[in-house]
Each structure stands twice: as structure tokens, then as C-alpha cells.
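**Student:** This is what each chain is made of:
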Amino acid sequence: MNRLKQSINTYRQERHQRKQDALIDYAHNPSPRPLDDLKTDDKEILGEHSDAFFRDRYRRKTDSIVEKIGKAEDKKDIPTVRENFMSYRNNRAQVKIDRINAKIDSSSNSFLSRQINRQRRQTVNVLATKNKIRSHTIGKIEAKRKARPEELQKKIDNYVKEKVDAMYRKALRREMRRHDVGRLNPMKRAEFLAKVTPELRKQLTRQAILNVRKNNIKKGRLGMDYRVDNTLDTRKVGDYGRTIE
Amino acid sequence: MDGLLSKSFLASIGINLDDDKCTALSQHYEDTLNERVIEQIVEELDENQLNELAHYRNGNAENLQQWLVTNVPQLDEIIEDEIAILLGEIAENSEEI
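Protein chains in written order, with our numbering: chain A, 1 to 245; chain B, 1001 to 1097.
FYI, nobody ran anything at the bench for these hints, they're computed from the structure.
All figures in this text were calculated on a predicted structure; none of them were measured in a lab.
Mixed in with the good hints there might be a few duds.
Listed below are the simulated DMTMM-like cross-link pairs for lysine to aspartate or glutamate, each with C-alpha atoms no more than 20 Å apart in a straight line [to be verified]:
| id | chain 1 | residue 1 | chain 2 | residue 2 |
| --- | --- | --- | --- | --- |
| 1 | B | K1021 | B | E1039 |
| 2 | A | K161 | B | E1077 |
| 3 | A | K144 | A | D157 |
| 4 | A | K170 | B | E1043 |
| 5 | A | K170 | B | E1089 |
| 6 | A | K155 | B | E1035 |
| 7 | A | K161 | A | E151 |
| 8 | A | K19 | A | D56 |
| 9 | A | K140 | B | D1076 |
| 10 | A | K144 | B | E1095 |
| 11 | A | K170 | B | E1035 |
| 12 | A | K61 | A | D77 |
| 13 | A | K170 | B | D1046 |
| 14 | A | K155 | B | E1080 |
| 15 | A | K161 | A | E150 |
| 16 | A | K170 | B | E1044 |
| 17 | B | K1021 | B | E1089 |
| 18 | A | K161 | B | E1092 |
| 19 | A | K170 | B | E1077 |
| 20 | A | K154 | B | E1077 |
| 21 | A | K19 | A | D51 |
Please build the complete structure, drawing on both the sequences and the hints.
**Tutor:** Shown next as C-alpha cells:
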């Protein structure tokens, strides 16, 4: 037990001695950095009796920071890549502005004002013509609308309303299909449509129309004698010509 | 008259044409309807159904009709809508026809 106490005491004395030696060493070997560079003193931060190891470590770190600050200070006037680019861009813009200014300075005022006036006049004319055409077209449509008998106009409005409703239902179906994952991929659909023969196209439509034909015949919209002639290549009667591809 | 549109319908919206022009307009209407309907039918099908449909190119009309009714449940609605859209377009442009 006594031997243990003795060894602990010995260790403590040696440690104390090492600290004293470090302090003396630190006092005789100060940091090479100028004191003015330090904002704070390491003795104030670490204390008078701090370990020499930590003091040395702190000193080296602060030295390194001071060195970095010095380097940064030296480079502060050297432009970075971004600054170089910015100045190049600004210079280019300035060069352009100068060039345009030079052109303006060298040309006569009358020439410039004539150009500007001409461009302005052209714009105004184009706009006026567009407005004139638009108002004329609207006027014609309105005049026709007013000239129609009221009963006829009601019928037309009714058909247009039905059309809009049908378009709405069509859009709704499309939207529902869009969310249906199992449906056909658009590319495959386009490929099929490109390959489908006119005969199949007509046959399909005819068969499809037959389903709803009775109602439409009752309404008097579709003709009673509707038939499909698959042998025709062209259809041209009166003003309405159409080639079957 | 062998066109799809009835002459009485055209007359009801103020379109009075002679027989030839009326037939031509009707056939033009039919062609446009063909294109739109086929596109809508194909849109409704999946890949397998599309392959099945391709086999009907030279098949008989009755089988095709049956197949369409079975595989395109919204067929009636599609046709009705396409007809209504086309009739509406004709009615809208009745002054220019």
C-alpha cells in the first residue's frame, strides 16, 4: 500500500515538474507571430497554469489562422473567376452601348426620327387593319344572326348546345380513360390508326352507327337510305370533293 | 338520296341545297364521322382488344357488330356524341354552306 502511495506521489511530482518545464520553455520560445495580430492572448483564454501541450496546440492553431488571414488579405485585390466574368460581361455590355451611342452620334437626327416614326406608323396601321377586319367579321356574323328568323336561330342554338354537351361528355370520357391504367398505350393506338384500312374504318363506323341510327332517324337527322359503298375510291359531288385514301 | 344526313334536317337549319350538293355534303359528313368514330372506338380498346379487332378486317358485318357491342360498352354514347358534335358544327356554319 505504501509503495502504491509512493509511486502516485512520484508521478504527481514528475507531472508538476513537466508543467513547470513547459512554462519555462514557452516563456523562452514565444510564437514567431507578431503580437499585434492576436485579438486575444492565449494566457487569458487558457489560464496562467494551463498545460504546455494545450498552450502549444492553441498557439499553433492561432498561428495557422493568422497565416490564413494574411494570405486572404494579400489576395483581396485579385478578382475571382466570377468577378472576372462579371466585369467581362459588364464590359461587353458597355462596349455595345458605346457602339450604339457612337452610331447614334454619327447619324443625323432626321434619319433616326424618320426610322422611328416609320416603324411606329407601320405598327399602328397593322393594328388598325386587324381591328377593322375583326370588327367587320363580327359585324357580318351578328347581322346574319339578326337576319335569321327567331325560330331558326333557336334551332341552331339548340344544336350548338347539344354539340357543346357532347364535347363535354367526350372530354369526360377521355379524362376517365387517362386514369385507367389498363388502357392502350398512345403509341400503339397511333400505330393501329395509321394501319387501319379505309374499308375497316367505314365498316366499323357503319356498324357502330347502326346501333343509334334508329333514334337519329326518328329525330329526322340521319337519312333513311344511308349505306356504305366500299368500292368507291373518290367521292366528288358538287362542291364537296374528297379522296378516300 | 344515299347520304347520311337527311335533307329535312338541313332544311330545318336553313341549309337549302340541290340534291347533288346535299349528297356531297352528306358524304363529306359521313367521312368525317367515320374518322372521328373510329378514333374514339380505338381509344376505348386495350391492346388485346385491338388485336382482336384487327382480325375483323375481312370478317362479316354481323360478327363485327356483335364484337363492338360486347367490347365497347360506351359505343352508343360515343356515336351519339360524335353525331351531335358534327351536327352542331354544321348548324354553326350553316350560313357558309
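**Student:** All hints are to be evaluated individually against the structure, with a verdict given for each.
**Tutor:** Do the hints match the structure? See the list:
{"no.": "1", "hint": "K1021/B with E1039/B", "verdict": "violated, 27 Å"}
{"no.": "2", "hint": "K161/A with E1077/B", "verdict": "holds, 17 Å"}
{"no.": "3", "hint": "K144/A with D157/A", "verdict": "holds, 14 Å"}
{"no.": "4", "hint": "K170/A with E1043/B", "verdict": "holds, 11 Å"}
{"no.": "5", "hint": "K170/A with E1089/B", "verdict": "holds, 15 Å"}
{"no.": "6", "hint": "K155/A with E1035/B", "verdict": "violated, 27 Å"}
{"no.": "7", "hint": "K161/A with E151/A", "verdict": "holds, 15 Å"}
{"no.": "8", "hint": "K19/A with D56/A", "verdict": "holds, 12 Å"}
{"no.": "9", "hint": "K140/A with D1076/B", "verdict": "violated, 38 Å"}
{"no.": "10", "hint": "K144/A with E1095/B", "verdict": "holds, 8 Å"}
{"no.": "11", "hint": "K170/A with E1035/B", "verdict": "holds, 15 Å"}
{"no.": "12", "hint": "K61/A with D77/A", "verdict": "violated, 26 Å"}
{"no.": "13", "hint": "K170/A with D1046/B", "verdict": "holds, 18 Å"}
{"no.": "14", "hint": "K155/A with E1080/B", "verdict": "holds, 18 Å"}
{"no.": "15", "hint": "K161/A with E150/A", "verdict": "holds, 16 Å"}
{"no.": "16", "hint": "K170/A with E1044/B", "verdict": "holds, 12 Å"}
{"no.": "17", "hint": "K1021/B with E1089/B", "verdict": "holds, 18 Å"}
{"no.": "18", "hint": "K161/A with E1092/B", "verdict": "holds, 10 Å"}
{"no.": "19", "hint": "K170/A with E1077/B", "verdict": "holds, 9 Å"}
{"no.": "20", "hint": "K154/A with E1077/B", "verdict": "violated, 25 Å"}
{"no.": "21", "hint": "K19/A with D51/A", "verdict": "holds, 6 Å"}
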